[in-house]
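Sequence order for the protein chains is U and Z.
Under this note's numbering, the residues of the first sequence are numbered 1 to 231, in order.
Under this note's numbering, the residues of the second sequence are numbered 1 to 213, in order.
Honestly, the hints are just simulated from the structure, not real lab data.
This one's a predicted model, so the numbers in the text were calculated from it and none came from an experiment.
Be aware that one or more of the hints could be misleading.
[Said to hold, decoys possible] Quick partial rundown of chain U residues pointing at chain Z, CB under 10 Å, derived from the structure: (1) Ala78; (2) Thr79; (3) Met86; (4) Trp91; (5) Gly183; (6) Leu185.
Quick reminder that beta carbons are idealized off the backbone N, C-alpha and C, glycines included.
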Amino acid sequence: MTDTYSGILRNGLWKQNVVLVQMLAMCPTMALTSSATNGLGMGLATTAVLAVSNMLVASIRNWVSPDVRIPVFVVLIATLVTLVDMSLNAWLHDLYKVLGLFIALIVVNCAILGRAEAYASKAPVLDSFVDGLAMGLGFTLALTLVGSVREALGSGTLFSNASVLLGSRFVFLELKVIPDYKGFLLMVLPPGGFLVLGFLLAGKRTWESLRTRRRETVKPESQVGSPVGTA
Amino acid sequence: MKFAALRSTVGYQAGLLGVVALVASAALALANHYTAAAIAAAEAADLQASLSQVLPVGFSDNDLLRDTLTLIDAEGAPLTVYRARKGEGVEGVIYQVTGNGYAGPIAIVMGVDRDGRILGVRITKHTETPGLGDKIDSAKSGWALAFSGKSLDPSAPQRWAVKKDGGDFDQFTGATITPRAVVKAVKQGLEFFAAHRSELIDGAKSASNGTPG
Numbered sequence: 001m002t003d004t005y006s007g008i009l010r011n012g013l014w015k016q017n018v019v020l021v022q023m024l025a026m027c028p029t030m031a032l033t034s035s036a037t038n039g040l041g042m043g044l045a046t047t048a049v050l051a052v053s054n055m056l057v058a059s060i061r062n063w064v065s066p067d068v069r070i071p072v073f074v075v076l077i078a079t080l081v082t083l084v085d086m087s088l089n090a091w092l093h094d095l096y097k098v099l100g101l102f103i104a105l106i107v108v109n110c111a112i113l114g115r116a117e118a119y120a121s122k123a124p125v126l127d128s129f130v131d132g133l134a135m136g137l138g139f140t141l142a143l144t145l146v147g148s149v150r151e152a153l154g155s156g157t158l159f160s161n162a163s164v165l166l167g168s169r170f171v172f173l174e175l176k177v178i179p180d181y182k183g184f185l186l187m188v189l190p191p192g193g194f195l196v197l198g199f200l201l202a203g204k205r206t207w208e209s210l211r212t213r214r215r216e217t218v219k220p221e222s223q224v225g226s227p228v229g230t231a
Numbered sequence: 001m002k003f004a005a006l007r008s009t010v011g012y013q014a015g016l017l018g019v020v021a022l023v024a025s026a027a028l029a030l031a032n033h034y035t036a037a038a039i040a041a042a043e044a045a046d047l048q049a050s051l052s053q054v055l056p057v058g059f060s061d062n063d064l065l066r067d068t069l070t071l072i073d074a075e076g077a078p079l080t081v082y083r084a085r086k087g088e089g090v091e092g093v094i095y096q097v098t099g100n101g102y103a104g105p106i107a108i109v110m111g112v113d114r115d116g117r118i119l120g121v122r123i124t125k126h127t128e129t130p131g132l133g134d135k136i137d138s139a140k141s142g143w144a145l146a147f148s149g150k151s152l153d154p155s156a157p158q159r160w161a162v163k164k165d166g167g168d169f170d171q172f173t174g175a176t177i178t179p180r181a182v183v184k185a186v187k188q189g190l191e192f193f194a195a196h197r198s199e200l201i202d203g204a205k206s207a208s209n210g211t212p213g
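Using the sequences provided together with the hints, build the complete structure.
See the structure below:
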């Protein structure tokens with residue numbers, strides 16, 4: 001593999017974004033984005049596991065026969081998640097009370113196995129680590145985005161309880177976007193997740209197609225040197 | 001190329017799976033060994049915190065977690081009761097009851113004093129609809145505080161219901177099932193207390209299996 005790190009990063013954050021492009025990991029995307037803080041917490045926990053699991057998979061990739069790679073990766077990922085779960089519960093119990101539910105759910109996140117299969121099983125250790133980090137951050141970005149929209153529309157706040165997750169120094173993140181908001185329950189309930197993600201994807205597609213159209217109209221103009229008529 | 005050929009033999013693959021499983025189990029066993037004590041301590045602290053929430057400050061001076069009693073409830077399931085003492089006598093008891101909520105079980109911790117009056121009720125775990133049923137949660141509203149000081153009045157059993165059913169307790173707009181379930185569970189908790197009062201309060205001195213006062 002001859003990927004540059006900036007290329008890997010760009011892929012993870014935007015071009016191959018786990019949620020917005022690859023459409024993987026829909027379960028946590030729907031279930032854990034009722035608030036921006038939840039999305040951020042799930043995203044960060046997943047990023048940590050994804051980076052380490054990618055690294056482990058890459059480091060044993062030459063010993064694993066292709067025929068049995070899936071069970072090996074599944075056992076590896078499940079073990080890793082359980083280890084994280086146990087150590088957080090034992091030594092960072094307050095954080096565990098916030099993230100505990102998310103950690104167990106990381107096991108069923110198909111993005112982890114997806115990256116092990118699609119990237120880490122074929123790439124060097126360091127590249128795989130960076131890929132895991134980038135994909136995880138892209139996932140975090142998408143989850144926080146969906147969570148922010150749902151929380152702002154649903155309860156009129158942004159990053160409520162962020163200080164519980166990140167520590168009391170982050171209390172400034174907790175905003176009240178709409179004062180005296182009565183709440184819009186649909187956004188907090190599961191259908192809100194589908195709606196928000198759907199509109200976000202539609203927005204992304206529209207923006208991209210507008211951009212490519214503009215590029216196509218600009219190109220002939222510069223080559224031919226004559227103004228293009230009505231589009 | 002020789003290694004590639006070896007990799008595709010059944011023996012190698014079986015061995016690989018075995019080694020992976022072995023290493024994974026060993027790692028988990030090791031982690032469990034080193035974390036078990038810390039996890040147990042953290043969970044005990046959580047339990048202690050949720051128990052002391054339903055007791056007024058300064059109500060008891062004993063270690064609640066070490067003064068327990070296990071009784072059989074009305075449905076035949078064992079129920080662990082934590083006893084709050086001041087000096088020698090039992091001043092109140094705390095136990096958990098479960099309501100059948102709209103979206104699943106609701107775990108409720110309730111404290112009852114020796115006369116059968118409720119000291120406090122807290123919802124510790126639930127999956128009720130956010131914005132509707134979750135007002136039972138004391139983090140969301142003060143609804144659960146309405147139970148404090150109430151007791152079972154045999155002459156007016158209909159008062160242990162939500163207002164819609166002719167009782168004393170508020171329901172929420174758009175959510176009646178949740179508060180109804182909590183009221184019913186707490187009422188059953190009081191009936192449990194009434195049925196076992198002598199064992200819980202009076203027989204406590206001899207039945208104590210914890211450290212003496």
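Results for each hint:
1. Ala78: 8 Å, holds
2. Thr79: Interface hint status for threonine 79 of chain U: holds (4 Å vs cutoff 10 Å).
3. Met86: Holds: closest Cβ of chain Z sits about 5 Å from methionine 86 of chain U, inside 10 Å.
4. Trp91: 6 Å, holds
5. Gly183: 6 Å, holds
6. Leu185: Result: holds, 5 Å to nearest chain Z Cβ.
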